[in-house]
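Listed here are the chains, written in short residue letters.
There are 2 protein chains.
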Amino acid sequence: MNKFDIDNLKYLFEPKSIAVIGASRDPKAWGHVILKNLIDYGFEGRIYPVNPKTESLLGLKCYPDIRAISEDVDLAIIVVPAKMVPIVMEACVEKGVKVAVIITAGFSETGPEGEKLEKKVLEIARKGGIRIVGPNCMGFFVAKSKLNAAFTAIAPKPGKIAFISQSGAFAGTMMYWATMKDIGFSAAISVGNQADLELSDYLMYLADDETTRVTIAYIEGVKDGRKFMKVLEYYTSKKPLIVMKLGRTSSGARAATSHTAAVAGRDELYDVVFKKYGVIRVYEFDDMFNIALAFANLPLPKGDRVGVISAGGGWCVEASDALESLGLKLPSLPEHVVKEMDKILPPFWNRRNPMDLVATVDPEPFKTAVELLMRDENFDILMLLGYGNFGRISNLPFLIPKEDAIAKEIADLVKKYKKPLVVVNVFGKEFSNVKVFEENGIPVYLSIQKAAKVVKALADYAHYLNSLEEMEQT
Amino acid sequence: MNKFDIDNLKYLFEPKSIAVIGASRDPKAWGHVILKNLIDYGFEGRIYPVNPKTESLLGLKCYPDIRAISEDVDLAIIVVPAKMVPIVMEACVEKGVKVAVIITAGFSETGPEGEKLEKKVLEIARKGGIRIVGPNCMGFFVAKSKLNAAFTAIAPKPGKIAFISQSGAFAGTMMYWATMKDIGFSAAISVGNQADLELSDYLMYLADDETTRVTIAYIEGVKDGRKFMKVLEYYTSKKPLIVMKLGRTSSGARAATSHTAAVAGRDELYDVVFKKYGVIRVYEFDDMFNIALAFANLPLPKGDRVGVISAGGGWCVEASDALESLGLKLPSLPEHVVKEMDKILPPFWNRRNPMDLVATVDPEPFKTAVELLMRDENFDILMLLGYGNFGRISNLPFLIPKEDAIAKEIADLVKKYKKPLVVVNVFGKEFSNVKVFEENGIPVYLSIQKAAKVVKALADYAHYLNSLEEMEQT
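If you read the protein sequences in the order shown, they are chains A and C.
Numbering-wise (my numbering), the first sequence opens with residue 1446 and increments by one.
Numbering-wise (my numbering), the second sequence opens with residue 1446 and increments by one.
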């Protein structure tokens, strides 16, 4: 088998039929939760529970053995105890299953015994032409197939972000968290021990998946470095990749070894590779989603020159610090912008970038400022700070509808001028203008520092693509 | 006047009577908002609105001039237009006012004209023995005096954290934000241009204020460096100070100059001074509050050795990375802890620090692990990750009451053993065990990286105090 072969992945992402081997009647068992999630999310293909001890489960006919199913089975989800997995896999081979998702834990992550068992399962799979997800994983989700085979009690929303996690607990927690935050996914996969299919394989698939605009990967280590680099080169030429790579310190690396049997490797090497292939590395989990939301929603910038519009002077200082310390540029304010704003602002406004609109209660000048910078070719990305909160903070409720209406008009300017804009609002969704921005595709961040990291990621990836293009033209 | 003299500050923090000069009937005017906030928050001293155009305001008798008030006035809050401030100040001098809070903007922050006006006001104050807060500020709040003279529409809660801000917009926004997050304050002051009273003065007062356990300062620059250092030495020997110092990059420093007329100064100097006096410097606004909440609630650690207890392996890796990269220590797990946990965990648990309790659904082993590390003198600070979420994430609702009950028992262990514990839960208050922890004095953080910064701050400040003590004994 060619190591870049991912033909079978179409049966993982778009199966026509799924068997759940180890499906259970006990609502606490994972074999129940997964079956229920599959049904509840509305998977349109066929679902076959497999359990020799029962006739039917959740309204579906139950089979004693996968071989007893008369139709074809593309995908098997396996939740039987570890020792039974080899027997079940033999049955899957006989049945002609294309992909097996092995949820069961107790393999290489537990020591030499488990390692042996994992090897055995892999041998059966290789001989029988089955690809394996896991073992020791927390399931997966594919929006385009209405396929929710994950553990979490609340179902993910469809969206444009793919999520790959080497940690099962992290995957479950994050999917729950993101769903609570109203973030949608095109796909999510808990990769587990990666006995067979690994990060690189999923990335190869996602590179050409039309429903995915950006991928987040939470990884501890990579199995095949050469393959990983080849895949990155292909993937990042198509869409952005955000990576949270753990095990970067020595004790972190030790902790990783006992977790998913991953070899964390020398962290500096990863840094070099990530830079080379335009991968965005993050260190805090919320940055993953902050940056992903920007790529999923905003146009890419042309460069790294930022124009900042603020409702207060303190934020101008904070934004300058945050942007400059990340190496982003703050061009000075062009004369024509100063002239226009002079007409509508009090005489003592700062006439600089970042623009301090001096606690203007009226939201109109913010829109004027945004449009002036949108039109001006000295700016590639805009940042809007402290907009639209006077109504609530200063108890001037009559302002709120106007703040919301202008937020919509500002969002429309992004579509009109195809230039990215990020908004900072410490209050988040509790303020209605934030909802207006988000519903109109403008991501809103809780702090200037977090937004600055997003701006940096947008600029860096745009720079990477531009360099590729320039190289191709020479 | 001795430059360390803060005698008059007692009239700012505990006035018996307050005049609001420029009080207004118009609900949009700040002279209305402040008067209303004073009354609504239940200030128990006397309140005198001053406005020559009306007889009464919000149920209080209104005076045409501060001199028309027959009783003593300790504190004047001034909201008249900038040009009228000198006349009003002359009247305050005649009346024997001790402190004037000048809310009005349009002074040194606007240029040479405003600078002249500010100088004039200061001269009047100096001659008349009045201390000035501001000008160009957003008011203040003192919990122990039930004194809310701030602009925000929602009133701060009483608490143990003092907050000093050089940016008015930031002060207003943060007070509103913190109140929404249920964070309480002992005092909050928007210092404005610091024409007279400055950061150092407020810190001198707060050092001995019994209601304050920790102070947060958001600053752009300091006026008198020598005085600042003297004050820091005194203040930080008493309680921790958390500083967000802006203007650290050159464009940030430029933005600061046009904001509050502050000279940001060479940032490296601040770093040296902060280190010397055990000041905790932060770079993101939520870190200010995260760290302050820990100091306000937890016992100080004896050292920097961290024990981590986790519900998932990925978090162990993340925690190792986060703690080790901040220079914190992760001692190995003592044999007796391994033995005890072997009795209650599956055989393949990791037997290491960070401890991976291998997705234990039962919350009991978490309490056992916490108590074992609390008792063990190899650990100074504990960190608990991913606790108590199985009930919700995996849809096992019968677990939730037990998760909450054990959370309470874990919180009690902190009191019993007087060793700090920080908890990480990405879901925040939406999960009930988080509320249980917080109601019992255990701060809960949204990410491992944020919690690691808190642990670092606790350890650093404890180290600073220990060094002082050792020096005194030699």
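Hints in this document: simulated from the structure, not taken from any laboratory.
There's no promise every hint is true.
For chains that are exact copies, the list does not tell them apart, and a pair is met inside one copy or across any two.
[Said to hold, decoys possible] Taking lysine-lysine and the BS3-like style, the derived pairs with C-alpha atoms no more than 27 angstroms apart in a straight line are:
#1 K1605 - K1847
#2 K1506 - K1721
#3 K1880 - K1626
#4 K1774 - K1675
#5 K1561 - K1602
#6 K1461 - K1847
#7 K1565 - K1721
#8 K1455 - K1473
#9 K1605 - K1561
#10 K1589 - K1788
#11 K1668 - K1683
#12 K1481 - K1498
#13 K1506 - K1788
#14 K1591 - K1721
#15 K1874 - K1626
message: Check the structure against each numbered hint from earlier and tell me which ones fail, lowest number first.
response: 1, 2, 4, 5, 6, 7, 8, 9, 10, 13, 14
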